[in-house]
Amino acid sequence: MTALIEIKNVSKIYATSDDSATWALQGVSVNIEQGEFICAIGPSGCGKTTLLNIIGGFISPTEGDALLNGNAIQGPGPDRGVVFQEYALFSWLTSRENIEFPMRLKGVSKADRRAMSDKYLEMINLTHAADRYPGELSGGMRQRVAVARALVNEPQLLLMDEPFAAVDAMTRASLQEEVLRLWEKLKFSVLFITHNIEEAVFLSSKIIIMSPHPGRIKEIVPVDLPYPRDRASPEFGALYAKVNEAFHT
Amino acid sequence: MSVQTTSKQDSDGPEAAVSPFHWQEQEQAFLRKLNAEKRKKTISQLTLNLLGVVLFLLLWEATPHVIPWMNILLFPPPSDVVGTLVELVESGELLENIAISMQRVLLGFALAAVLGIVAGLFTGRIALVQHLSDPVLHGMRSIPAIALVPLSLLWFGIGEASKVALISWGAFFPIWLNTFTGVRDVPPVLVRSAKSLGATPYQTMFNVILPASLPFILVGLRQGIGIALIVLVAAELAGASSGVGYMVATSHQLFRVDIMFIGIATLGFLGYMVDRLFTFLQSRIFPWYSSK
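Chains A and B, in that order, are what the protein sequence lines are. Just remember that this note's numbering sits 1 ahead of the position in the first sequence, which is counted from 1. Just remember that this note's numbering sits 3 ahead of the position in the second sequence, which is counted from 1.
Hint data in this document are derived by calculation from the structure and do not stem from the laboratory. Please note: incorrect hints may appear among the correct ones.
Said to hold, decoys possible - Here are the computed lysine to any residue pairs in the SDA-like style, where the Cα-Cα straight-line distance is at most 25 Å:
id: 1; chain 1: A; residue 1: Lys107; chain 2: B; residue 2: Ser136
id: 2; chain 1: A; residue 1: Lys107; chain 2: B; residue 2: Val189
id: 3; chain 1: A; residue 1: Lys120; chain 2: B; residue 2: Gly201
id: 4; chain 1: A; residue 1: Lys111; chain 2: B; residue 2: Asn210
id: 5; chain 1: A; residue 1: Lys111; chain 2: B; residue 2: Arg128
id: 6; chain 1: A; residue 1: Lys107; chain 2: B; residue 2: Val192
id: 7; chain 1: A; residue 1: Lys107; chain 2: B; residue 2: Gln206
id: 8; chain 1: A; residue 1: Lys107; chain 2: B; residue 2: Gly201
id: 9; chain 1: A; residue 1: Lys107; chain 2: B; residue 2: Val194
id: 10; chain 1: A; residue 1: Lys107; chain 2: B; residue 2: Ala241
Said to hold, decoys possible - Covered stretches of chain A (chain B as the covering partner; in silico rule of three or more C-beta atoms under 8 Å from a C-beta of chain B):
id: 11; stretch: 102 to 114
id: 12; stretch: 181 to 189
Unchecked claim - Here are some chain B residues pointing at chain A (derived, C-beta under 10 Å):
id: 13; residue: Ala113
id: 14; residue: Lys198
id: 15; residue: Gln206
Just so you know, even glycine gets a beta-carbon here, dropped at the ideal spot from N, CA and C.
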């Protein structure tokens, strides 16, 4: 059985602002299996966002193959939902309309759209904010709407690019729990980019540790702690220490 | 009754010594005072505004009487102008001219809006179109619309077409340029979102790029309608047989400065009203725009 995503020996070269060339990724190979929750972690310049952009279909690799269900990735598509770091909601649409946006593109009837947006609004506990515009929502609420909008197409893979980097620590913790809840319920795969070790250990079933200049995979650490995870448990602490060590050596 | 409450609460301890109504009363008294002060301020401001207008009119009325060498025909006092205004309104002449002028402005503006927004979207989004059109569009932009009045008369005659063409020419450029800037300013993450949600290039253009650049487009439309009014006057001053600008032009030949004053004031008033109408419609049609 082929993996959901196969990254085979992928490299990506970029022009920097002073017109020299830099390798964002060099010879990276990794698979994402059905239902996995993978966190990619590493300092800036390690190519984690480049990896996400290649899988998202926003850029293509300079060398190597990026496959989705065994076929080369041709471009972005509704089978891969994306949640960005910056707020990527459409400011002229309400929460509900943002969630309904992908269905409107497909010409889904108004009643069906409404039923779906009701369902997803309830899932992210934002029924009360359905008719508010993004400008009227807090940072955490906006990212919940962004997650719902990405999930409404029922993608096989959810790509998340440091989605909670801009929210405060309390909100961040509750958003993490919410994503895990949705992941367990809807059974999609996740590639989650972060530079926060604790976040990676709390969320993922597998952690990809990357190193910069050139961007490479340094180590892949499986995380076999059962969900829900207890940040205060010794097992959590031990894994944190392990990832931290791999990260810093 | 309030005495009773107070005495009852006295026994509860030192904090309860004050009646709960006390705070409410204080609050209400405070709010009353605040409102009264606010109202007073508004009233005195309005009074001063009104006084300013009256002073201006008095000064205007008095000037020809005070300054002996001033020709009253060249500087008619407000009493004369108001009389003429009533005549012009009663005969329907003024409203007729306003109607025809507004029709020209709206037609020209609508044409410019459609062309300007479409041009802005495509030049902003497609590099090929941008580079191809850049020198020509920017070259034409530098030509003052007023310089094209004689050409427009030759090409489109003295009828409506020449006015509408000139107005849309003038209004096109700010609408195009602002739309272009707005399209360029759309965060790439919105375009990526749309694509990953399954939007086709066409859907991305009209469901994402267009609404995302709307704040800029609105600025362009507002500038465009301002220019439309300027070009309107230029077009009507030369080679027109109706309109507010024509009214000003003929009053010059008839030596009727009173009519000229009315025409000029009407143009100012129209400009002001159109701008107010624009901001009003903007807040009605785009509620999210004002909520940001």
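Against the structure, the hints:
{"no.": "1", "hint": "A:Lys107 / B:Ser136", "in the structure": "34 Å, violated"}
{"no.": "2", "hint": "A:Lys107 / B:Val189", "in the structure": "23 Å, holds"}
{"no.": "3", "hint": "A:Lys120 / B:Gly201", "in the structure": "20 Å, holds"}
{"no.": "4", "hint": "A:Lys111 / B:Asn210", "in the structure": "17 Å, holds"}
{"no.": "5", "hint": "A:Lys111 / B:Arg128", "in the structure": "30 Å, violated"}
{"no.": "6", "hint": "A:Lys107 / B:Val192", "in the structure": "21 Å, holds"}
{"no.": "7", "hint": "A:Lys107 / B:Gln206", "in the structure": "10 Å, holds"}
{"no.": "8", "hint": "A:Lys107 / B:Gly201", "in the structure": "8 Å, holds"}
{"no.": "9", "hint": "A:Lys107 / B:Val194", "in the structure": "17 Å, holds"}
{"no.": "10", "hint": "A:Lys107 / B:Ala241", "in the structure": "54 Å, violated"}
{"no.": "11", "hint": "102 to 114", "in the structure": "holds (count 5)"}
{"no.": "12", "hint": "181 to 189", "in the structure": "violated (count 0)"}
{"no.": "13", "hint": "Ala113", "in the structure": "23 Å, violated"}
{"no.": "14", "hint": "Lys198", "in the structure": "4 Å, holds"}
{"no.": "15", "hint": "Gln206", "in the structure": "5 Å, holds"}
Of the numbered hints listed earlier, those contradicted by the structure are 1, 5, 10, 12 and 13.
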